[in-house]
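In order, the protein sequences belong to chains C and W.
So for the first sequence, the numbering used here puts the first residue at 1; every next one is plus one.
So for the second sequence, the numbering used here puts the first residue at 1001; every next one is plus one.
No lab work stands behind these hints, which were simulated from the structure alone.
For glycine and all other residues, C-beta sits at the position ideal for the given N, C-alpha and C.
Be aware that a few hints might be false.
[As the list claims (entries may be wrong)] Cross-link-like lysine to aspartate or glutamate pairs, in silico, EDC-like; alpha carbons within 16 Å at most: (1) C:K113 x C:E101; (2) W:K1096 x W:D1184; (3) W:K1204 x W:D1099; (4) C:K94 x W:E1127; (5) W:K1162 x W:D1099; (6) W:K1162 x C:D212; (7) C:K28 x C:D38; (8) C:K432 x C:D381; (9) C:K94 x W:D1099.
[Stated by the list, open to error] A few chain C residues that face chain W, going by a derived Cβ cut-off under 10 Å, partial list only: (10) F72; (11) F86; (12) L398; (13) W401; (14) N402.
[What the hints assert, rightly or not] Counterexamples of contact, computed for chain W against chain C with all Cβ distances above 10 Å: (15) K1007; (16) A1016; (17) V1020; (18) T1025; (19) V1055; (20) S1063; (21) V1066; (22) V1083; (23) I1153; (24) S1182; (25) L1200.
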Amino acid sequence: MNSIQVAIIISVFFQLSILIAVYWWSPKVTLQSYVSDDRIYSWWKIALTTTGTIVGGGMFIGISKVGYEAGFYGVLLGLVYLVGFFMFSSYAGKLRNIMEEKRCLTLNELIEKRFSYRVMWVFSVTNFIIYLCLLSAQFLAIHAIYKFFIDMGVSIEWSILPGVVALVCMLTYPVFGGLRRDIVSDLLQWIFIGLGLIIFVMLLIDQGIPSDLGRIPATHWTGAGYGIVLVIATVVFLVPTFFVRTDLWQRANAARSEKDLVIGLRLAGLISFFSYIVFTLVGMSALANGVVSSERASVEFLRIALSDKVIFGFVLGGFVAAVLSTADTYINNMTIHLESIFDKNRYGNNIKSRVRRLQAFSFVLVLAALGLALWFQDIVDVFVASFSLLIIFMIPILGLWNDNWSSEQGAFWGMLLGLVGFSIGLMLLSPKIAFIPAVTICLLVQLIFRFLGRPVSEH
Amino acid sequence: MHADALKNMNNVHYGACFSVVFALTIVPKIDANQTGSVSFFMESSAVLPYIILIVYFFVDCISSNVRRGDHLSHPIYSVGSVVWIWILGYCAIALKSPDPIKYILLSFYFLVARIIQYNYYSRHVFEVSDVSRIFYHALIVIGILLSFVLGSIGAYQYFATKSASADFENLDFAYGFNFSISTDGYVSIVLFVMLILKLLELWKICISGEASPENGDVR
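Chain C with its partners taken away, still in its complex shape:
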């Protein structure tokens, strides 16, 4: 047995131990625990589950790639996450109270109550697309590891093993356990993610500043590697999207108290910011060290900096744990949105059969995301396009709280035409700037209905 196989075994052991631990802890799955959960989580649990969602496989592979291709733009993303979490936490207590007053478990329900079914429908369709793409990106991240093993001469059956076990994990606890098991598993996964992160930091410190910084273009130091337009657009548009992320709303609703929520979200912002800095530097270090493929910046960095394959196994375990901690949240969110799309009368259904239906949706969606991953080429493009699509919700969501902006027609047509505009932008422009026509259309429609239409009366 060679040393890489030892690393793979450690990684697989991690994943299976998480799976077993989550199943060992087996309270009854209810509708509440599946989609929103009770308000029972203290600040550190909220911090770790939220960070677990952010620091996924996309972080290990995607942000290293960003660091390689665009340098400090990755740090800017971290900065946006830091500020976004602080902003969301400032209002999160008030948002929680609104959810409680309206007796809503999810943001979808709140939108349906405030506007109408059709507005919620467009919201769910768009969210469904976003989370499906993001889940596919997690498979892309696993694929990058697989290719790395193959290039290192590891046999196919060994190379494929971590990916297969990750897929098995995805098809079990998030599918059948819902949000509660998602949060519990995040806490366990963070042990391995944290280990992986610490090892990356130690390697960066150990390596020091690479001798040949000349390989890094000047634009990388200013974050303008993808262009100044994307830098400005990222700051202007990505920050407010924290208010429309259903995964964050779920966690806001699950916190034990407002204080726990605020501390948890802020801590999550700080950890995420730190992680973004680390993986950006990993990507830049890989570039300075002459790595030729941006896709595999992080794994090649490991190959250069790390000779001990047992420690490599710990990093690999952290990486796969990160993939799972993000994927399980996406699976849960995607399922809730899909149910909202296909089942108009879901509130009237028997609760037990509704949970079963959610589980069935969930199972199929994991396989669909796996299929979709075969079609995608670039993990960074998938992330940028998916998150920028969130922007089209911003103004309709503003209408949730402000009567003057709460036009049902504006929300519906704004989001629908925004989605169409985004699709056209995706075909004609780069995925990184496809949101521009979408946001423009959405904003115009909203403004027209704001000044011509009448505010909606609450249902």
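We have chain C; now place chain W onto it with these hints.
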């Protein structure tokens, strides 16, 4: 302690801090040929960023005085505001240093200052439904961008000192511009925009009625 008393305490710190900054930054130059002639000069090329930061310091002092200040009764806010004054003072002193870390320090100062300001307004002033909060959303968004630019200039210079091989000659190229501005020029522009944001905040406090002592409800 009453909010006015806490504001007075802050003012004492503003005064003390400014004295320290002034004493450490401006060096007296005594002309031996002319008895009784003392002039002052600054031992740094970064005079313009320094002047802008000092103006910012005074505007910060004014806005802390016109703000209602109820939140200061909370120990974290009252201690925090004093610490914050001294950090800004330290940033002004650090501008003298040739070490590019000073820009990263300033960048963090502005970032955290914007976050604290946003937090104050969102938790103590505005409800979720207030559209006026968009103004503070805009301030924080521009603040992040400027902090990032400032931090990246610092990082750019820091790595430039560490490597002889990299192309660190042209910051204009890195930003995609065609005109030539020195690093201090870029920093001055960023600080000037930060100052404008601070003045806008002050203007907003005044027009919102928060500066009026009889106004109990900020909104």
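Consistency of the hints with the structure:
no. : hint              : result
1   : C:K113 x C:E101   : 12 Å, holds
2   : W:K1096 x W:D1184 : 12 Å, holds
3   : W:K1204 x W:D1099 : 36 Å, violated
4   : C:K94 x W:E1127   : 8 Å, holds
5   : W:K1162 x W:D1099 : 12 Å, holds
6   : W:K1162 x C:D212  : 10 Å, holds
7   : C:K28 x C:D38     : 13 Å, holds
8   : C:K432 x C:D381   : 6 Å, holds
9   : C:K94 x W:D1099   : 44 Å, violated
10  : F72               : 5 Å, holds
11  : F86               : 5 Å, holds
12  : L398              : 8 Å, holds
13  : W401              : 4 Å, holds
14  : N402              : 5 Å, holds
15  : K1007             : 24 Å, holds
16  : A1016             : 30 Å, holds
17  : V1020             : 30 Å, holds
18  : T1025             : 29 Å, holds
19  : V1055             : 25 Å, holds
20  : S1063             : 19 Å, holds
21  : V1066             : 22 Å, holds
22  : V1083             : 18 Å, holds
23  : I1153             : 8 Å, violated
24  : S1182             : 15 Å, holds
25  : L1200             : 17 Å, holds
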